[in-house]
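Peer 1: Chains as they are written, first to last, in my numbering: chain A, 1 to 586; chain B, 1 to 110.
Rather than coming from a laboratory, the hints here were simulated on the basis of the structure. Be a bit skeptical, because a hint or two may be false.
Not everything, but these chain A residues come out facing chain B in the computed CB check (under 10 Å) [what the hints assert, rightly or not]:
# : residue
1 : Asp103
2 : Tyr104
3 : Glu121
4 : Ser133
5 : Ile508
6 : Gln512
7 : Glu516
By construction, the Cβ of each residue, glycine as well, lies at the ideal position given by its N, Cα and C atoms.
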Amino acid sequence: MVKTTHTTKPPAELLLKSPTGINGLDEITGGGLPQGRPTLVCGGTGCGKTLLAMEFLVHGALLFDEPGVFISFEEKSDELSKNFASLGFDLNDLAARNKLLVDYVHIEKSEIEETGEYDLEGLFIRIGHAIDSIGAKRVVLDTIEALFSGLANETILRAELRRLFRFLKDKGVTAIVTGEQGDRNLTRYGLEEYVADCVIFLNHNVSQQTATRRLRIIKYRGTSHGTNEYPFLIDEQGFSVMPISSLGLDHPAGTDRVSTGITRLDTMLGGEGYYRGSSILVTGTAGTGKSTMAAHFVDAACRRGERCLYFAFEESKNQIIRNMRSIGIDLEQWVNTGLLKFQNSRPTLYGLEMHLVAMHKAIEGFNPVIVVVDPISNLVAAANEAEVKSMLSRLIDYLKMKQITAFCADLTMAGSSRERTDVGVSSLMDTWLLLQILEASGERNRGLYILKSRGMEHSNQIREFIMSAHGVELQDVYIGPGGVLTGSARQAQERRESAETLEHRQDIERKQREIERKKTVIEAQITALHAQFEAEKDDLELVIAKENQRDKTIVQGNLAIARSRQADDVSHQQESAGKTGKGKRS
Amino acid sequence: MSSAVMNSPEKVPQPDTGIEKWMLRLYVAGQTPKSIAAFANLKKICEEHLEGKYQIEVIDLLVNPTLAKDDQILALPTLVRKLPEPVKKIIGDLSNTERVLVGLDVRPVS
Numbered sequence: 001m002v003k004t005t006h007t008t009k010p011p012a013e014l015l016l017k018s019p020t021g022i023n024g025l026d027e028i029t030g031g032g033l034p035q036g037r038p039t040l041v042c043g044g045t046g047c048g049k050t051l052l053a054m055e056f057l058v059h060g061a062l063l064f065d066e067p068g069v070f071i072s073f074e075e076k077s078d079e080l081s082k083n084f085a086s087l088g089f090d091l092n093d094l095a096a097r098n099k100l101l102v103d104y105v106h107i108e109k110s111e112i113e114e115t116g117e118y119d120l121e122g123l124f125i126r127i128g129h130a131i132d133s134i135g136a137k138r139v140v141l142d143t144i145e146a147l148f149s150g151l152a153n154e155t156i157l158r159a160e161l162r163r164l165f166r167f168l169k170d171k172g173v174t175a176i177v178t179g180e181q182g183d184r185n186l187t188r189y190g191l192e193e194y195v196a197d198c199v200i201f202l203n204h205n206v207s208q209q210t211a212t213r214r215l216r217i218i219k220y221r222g223t224s225h226g227t228n229e230y231p232f233l234i235d236e237q238g239f240s241v242m243p244i245s246s247l248g249l250d251h252p253a254g255t256d257r258v259s260t261g262i263t264r265l266d267t268m269l270g271g272e273g274y275y276r277g278s279s280i281l282v283t284g285t286a287g288t289g290k291s292t293m294a295a296h297f298v299d300a301a302c303r304r305g306e307r308c309l310y311f312a313f314e315e316s317k318n319q320i321i322r323n324m325r326s327i328g329i330d331l332e333q334w335v336n337t338g339l340l341k342f343q344n345s346r347p348t349l350y351g352l353e354m355h356l357v358a359m360h361k362a363i364e365g366f367n368p369v370i371v372v373v374d375p376i377s378n379l380v381a382a383a384n385e386a387e388v389k390s391m392l393s394r395l396i397d398y399l400k401m402k403q404i405t406a407f408c409a410d411l412t413m414a415g416s417s418r419e420r421t422d423v424g425v426s427s428l429m430d431t432w433l434l435l436q437i438l439e440a441s442g443e444r445n446r447g448l449y450i451l452k453s454r455g456m457e458h459s460n461q462i463r464e465f466i467m468s469a470h471g472v473e474l475q476d477v478y479i480g481p482g483g484v485l486t487g488s489a490r491q492a493q494e495r496r497e498s499a500e501t502l503e504h505r506q507d508i509e510r511k512q513r514e515i516e517r518k519k520t521v522i523e524a525q526i527t528a529l530h531a532q533f534e535a536e537k538d539d540l541e542l543v544i545a546k547e548n549q550r551d552k553t554i555v556q557g558n559l560a561i562a563r564s565r566q567a568d569d570v571s572h573q574q575e576s577a578g579k580t581g582k583g584k585r586s
Numbered sequence: 001m002s003s004a005v006m007n008s009p010e011k012v013p014q015p016d017t018g019i020e021k022w023m024l025r026l027y028v029a030g031q032t033p034k035s036i037a038a039f040a041n042l043k044k045i046c047e048e049h050l051e052g053k054y055q056i057e058v059i060d061l062l063v064n065p066t067l068a069k070d071d072q073i074l075a076l077p078t079l080v081r082k083l084p085e086p087v088k089k090i091i092g093d094l095s096n097t098e099r100v101l102v103g104l105d106v107r108p109v110s
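Construct all of the structure, not just a fragment, from the sequences and the given hints.
Peer 2: Next up, the structure:
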């Protein structure tokens, strides 16, 4: 019998893990599959068991320098090479470099006659030899259940399987064993009985004519792991699991700002616009201008020379270009210069996962700075709400990781609560703008609120959102005792106010003129009075002068008389002259 | 059964009669009770039913592990009928002579 070479295993202090290199799977498992132990991958036909197993080997060989052995019970080596060439895996090249060894084990019941006791030592020798020849660290058995259909003696088989798994453990290889889904058990032949360390279940469901693949870790001994059902995709890049929060919310948060394309809106958002790499949600009922805001944002970005990717789920590219031209935004020039790319698809075209893949791939391929999804609500048509939410959160996580600014439009149903999104993603969003129809005095006007904007000062006021041939303008609304007025009501109110203002001004001017007039009148009166006074003063002075003259004359006369009488005392003369004067005057 | 027998084809002299020639290959892994029994059983059956027209090759996979791939050997011991075509396989210690004969498609000598 084979002496199983006991390769020394590391002390089992901590469970070591072998990374699979598969997008998302390593996040869910917390680092990969249990190292040195077998893992069971089970699921129905065509659910991707072989692909997962092969990717484990190929990535191990290419990324982690761990050669692998693929023991195939179903497909021949050349068939496998062909199948995986379409995924870009060159198995032949890996085999030539001794990184991969594919061994096809053929079992055909009709060719085998059983007589008496036997064991599966031949298989052990083959596996052991394959492992030793390239120093393999990873082994895949796909699918070992073929033994059950090829060999009749199940008692021997079960004993040998138990020995096989022990043999693999002793070899120290990390193994994947695939198994077909059974009716009652996980696998048709109860392989889970032998593989106790890690069991991964793959599921391929069709609901509402759309197929969705899901992966679940049923068991992973000795470690914590994601327990959800995770959707996964198989496309030309291979296998990728989309863990809902694999990124662990550790994406970078820059302080760079990016203009919204609408000056007044920038002002409302702390003067600088959105954060770069943040997610923006615009909700509103039909016809509130969500796409218009998107177009403004895109237009402004393209002007700065930034690349934008526009996922349109409602309108065709040409329709969007035409419609935006009507408000003076020429998106076609950016399409022509290659800065803007439209990705149009009907939401019902394929399942959500495929949408996510398509978006991932488009983003990877185009490498945009800004991504617009218009509208996210239409995706509900392709799946249910919870799925859309999980898909969107994954998309937003992904975009945040890549520091791509995401602009999502969401159509809300008229009548439902305004502060509610159909797909319940508002909590994922950093900035939430609400476009709202304000119905009053027989017209519908658009109002814009900022419901939230994380990490920045933002206006708490409503603005009227006006679309003109020159694009969008935001106007202050009239807020007064009569409530919020918009549209023609606002204009009427404004006119009324301006009329009132004018009247006031005229009133003031009139009063000022009156003052002037009064002043003039009074001044005239003052002048007249002054003149009168001057005249009277002149008269009086004349009289006084005359009197004085007369007095003088009299005195002189008296003196002359006195002289003529030869009066002796001059002083007497003067005194008497004074007296005479007095007496004259009184 | 010596190790020389185990590892090298045992040539059984046979007349060149131009009739059916049986080329049998017995895969074993070391000298385990099962492999020894299988070889003994095979030898006995061949002597009885295919005397003079058979050739047994014993391959020890512990010595030549690569050979397991060519004949798609899983279980041990395995007896492979290389000739006459088509290739047939019989696994086990060959203790059930009837089944070995059916498996080898040998008509018992009447």
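Peer 1: Work down the list of hints and note, for each, if the structure agrees.
Peer 2: Here is what the structure says about each hint:
Evaluation of the A/Asp103 hint against chain B yields a held restraint, the C-beta minimum of about 7 Å falling below 10 Å. Checking A/Tyr104 against chain B: minimum C-beta separation of about 8 Å stays under 10 Å; hint holds. A cut of 10 Å between beta carbons decides the hint on A/Glu121: the least distance to chain B is about 4 Å, and the hint holds. Among the interface hints, the one on A/Ser133 holds; its C-beta lies about 8 Å from the nearest C-beta in chain B, closer than the 10 Å criterion.
For A/Ile508, the shortest C-beta to C-beta distance to chain B is roughly 108 Å, which exceeds 10 Å, and the interface hint is violated. Among the interface hints, the one on A/Gln512 is violated; its C-beta lies about 113 Å from the nearest C-beta in chain B, farther than the 10 Å criterion. Among the interface hints, the one on A/Glu516 is violated; its C-beta lies about 119 Å from the nearest C-beta in chain B, farther than the 10 Å criterion.
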